[in-house]
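*Asks:* Here are the chains, one letter per residue:
Protein chains: 2
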Amino acid sequence: MAKINTNFSKLAAGYLFPEVARRTRVWQEKNPGVKVMRLGIGNTTEALPRVLVDAMKKKLDLLSDRNTYTGYGDEQGDIPLRQALRDFYSRKYGVELEMDEFFVSDGGKSDSANLQELFSSDNIVAIQDPAYPVYVDSNVVGGRTGEFNPKTGCYDGFVYLESNAKNGFIPEVPKCKVDLIYLCSPNNPTGAVATKAQLKAFVDYARENKAIIIFDAAYSAYIEDPELPRSIYEIEGAKECAIEVNSFSKLAGFTGVRLGWSIVPHALVCENSGENVLHNMWNRRQCTFFNGASNIAQAGGIAALTDEGYKACSELVDYYKGNAKIIREGLESLGLVCVGGKDSPYIWAKGPEGVSSWDFFDMILDRCHVVVTPGSGFGPAGEGYVRVSAYGHREDVEAAVKSIKENLKI
Amino acid sequence: MAKINTNFSKLAAGYLFPEVARRTRVWQEKNPGVKVMRLGIGNTTEALPRVLVDAMKKKLDLLSDRNTYTGYGDEQGDIPLRQALRDFYSRKYGVELEMDEFFVSDGGKSDSANLQELFSSDNIVAIQDPAYPVYVDSNVVGGRTGEFNPKTGCYDGFVYLESNAKNGFIPEVPKCKVDLIYLCSPNNPTGAVATKAQLKAFVDYARENKAIIIFDAAYSAYIEDPELPRSIYEIEGAKECAIEVNSFSKLAGFTGVRLGWSIVPHALVCENSGENVLHNMWNRRQCTFFNGASNIAQAGGIAALTDEGYKACSELVDYYKGNAKIIREGLESLGLVCVGGKDSPYIWAKGPEGVSSWDFFDMILDRCHVVVTPGSGFGPAGEGYVRVSAYGHREDVEAAVKSIKENLKI
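Chains A and B, in that order, give the protein sequences. The first sequence begins at 108 in our numbering and counts up one residue at a time. The second sequence begins at 108 in our numbering and counts up one residue at a time.
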């Protein structure tokens, strides 16, 4: 008699973004004919750069000729792409890694969710709060929590590292012993970016406690301040204690094309494993549970890391950052307190005193016809905030900000 | 102090196909200049059909225009593809399913490995022996076994359903109570295909014991005998007890493009869950751990299910089946006993009495310069056999078969 994994039933409500979509749909049905403007989900909207499209079409031509057709690639990714990633880290970040420390995937979300499988279910997990829901949910399914407490918005067993106005939305290191730490910088949802000193504190903590940091750098391309770290490996000692997850989604507009990578260094160690063990485990995991990213997407990824391709991607990133500036200035003109939107595509805006995130979400939708994302969906410390995304056509962002400025009235 | 998931250390040796590749590389280094012919891995070799390539290029054109660009799709897959799959099952198999019972993925391997996450770690797992290694390995990582016993080639805790010459390589239902049953038909590696009566015995067993069947139908397009079932849902009652996994890899040559699907019916039930529970769990799993298959690949998948696209794919399938015929006839002309190669791209060949699979592998490589896959790599009942794959250019298959016929000398 088959039995289900009951950890699934601990998961609180639905996944955040489908829930936002559902509520928006319900509102739209009640308000037919009203144009809803979307600054909710972090979904890219601008055309793929021509140089990337050309590279993918060229790959399709190769696949349509039996002399150049290829089937399964390496589960870890095509060697030219892994080499290009290694060279990119060296050239852009001054970070020296080996080619085989890069594992190409179908996106940062999959890796963010799957990496916990390498660790035993009795590890204590610390989560930045608020955070991208995948870190929490995957560890709930992996059995590293008790039940969800609807009163506190917390799962028993997790250690929540609160990001708030006091600490500039970058949490301090845990006060107790934890085993796994999820960090994301530039942060989704707050848009805050950790400094080198702040990341160093986490690396020092992890080395001292033999903890592992899972560092999500999916928005690193949005950092323009040269003093801010774009890879955790800019911090000395991080190779011993940190895995980095990254993606072409927000760099190259590949949200639908699907391509990402993770870095699992040879030097990574933890309590019951020496050098190379975690590296080899992730290799085995990917060879067993995954069959490589799409070869068409990988051709696009290689093109994105050439000088010409990266320039085109940077223009895309700059476009969204232009949107972010418009949004932040618009919200601040109403007296709203905001974080992010400079080295990040997200703006984290505090609602009126005493108004919950979902109520602020409803208020903005009702009064301004703009969809944002309720901050409480990212964790209890997000309560009272909303995340505003800079992904959208410029004219739509301008229209949404105009509507907020004219109609929010708080 | 982070601790690893020690289930990984139970995994026997490396993953089979990288190990075959490694041994071949070593042999090649010792024999420089000798042309190695490959009938090993089940990797497609022929050009992608033009109609599929055109559809994917058209999708790239849409993505390169800001007015038609789209980012994240639904985690479950694009609606037109799910509708096309539903219509395909109705039209081709007479199987009526609902659109939302189809979950599009990046390939059958991922789903085959990930589906076990829905079940608790104390489920008893029955595995067809020999079998595609992913079913075994993913359940080892999921904690459903004891240690690997190198003497028997078995993991403690698994129930092995032996496929052998006596039962025509389709096993009988388990003699004890099991919870999860992995079946693959047409079978990888043996090429044997289960009849409706044989599948019905498993469906009856599963319903009686509230077990769940995970049915891998990745090679269903190779079935030409109209009496053989191409979907488990051709068997009455299967919707209550079976999940079906399938793929565009061997249908459309998408091994590198990456696209597959699984069917998780609403009616599926098990001991501690009623209707819709497993369906909703898989939906939540995919929304949390996955972000949809590549939109470019999905455009190709939609084209593959049109009349024109399916005709082109069928020609591809027929080409490989032509290879299979040549291989089987060649091996049989040497007096080797073979299974498969008719409604399947794989031929399962028995080596000389007393010769192990790896020794037979070495013999074929040494004498004939042909790479096959050792049967013991698929499970203990595979010992003494090799799997010969029909994926290859016709002229290469002919050359390999000629070399085997001239040089094997057994």
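Accuracy of the hints is not assured; some may be wrong.
Given that identical chains are not distinguished, each listed pair holds provided it fits within a single copy or across any two copies.
Straight-line Cα separation of at most 25 Å, DSS-like style, residue types lysine-lysine; simulated pairs [what the hints assert, rightly or not]:
#1 K432 - K418
#2 K449 - K303
#3 K117 - K317
#4 K284 - K110
#5 K432 - K273
#6 K317 - K303
#7 K516 - K418
#8 K317 - K110
#9 K142 - K516
#10 K258 - K273
#11 K303 - K273
#12 K307 - K110
#13 K512 - K307
#14 K164 - K284
#15 K284 - K307
#16 K282 - K110
#17 K110 - K137
#18 K449 - K199
#19 K110 - K142
#20 K164 - K117
#21 K457 - K432
#22 K117 - K432
#23 K307 - K317
#24 K303 - K284
If you're looking for bench data, these hints aren't it; they were derived computationally from the structure.
*Asks:* Starting from the hint list further up, note which numbers the structure goes against and sort them upward.
*Replies:* 7, 13, 14, 17, 19, 20 and 22
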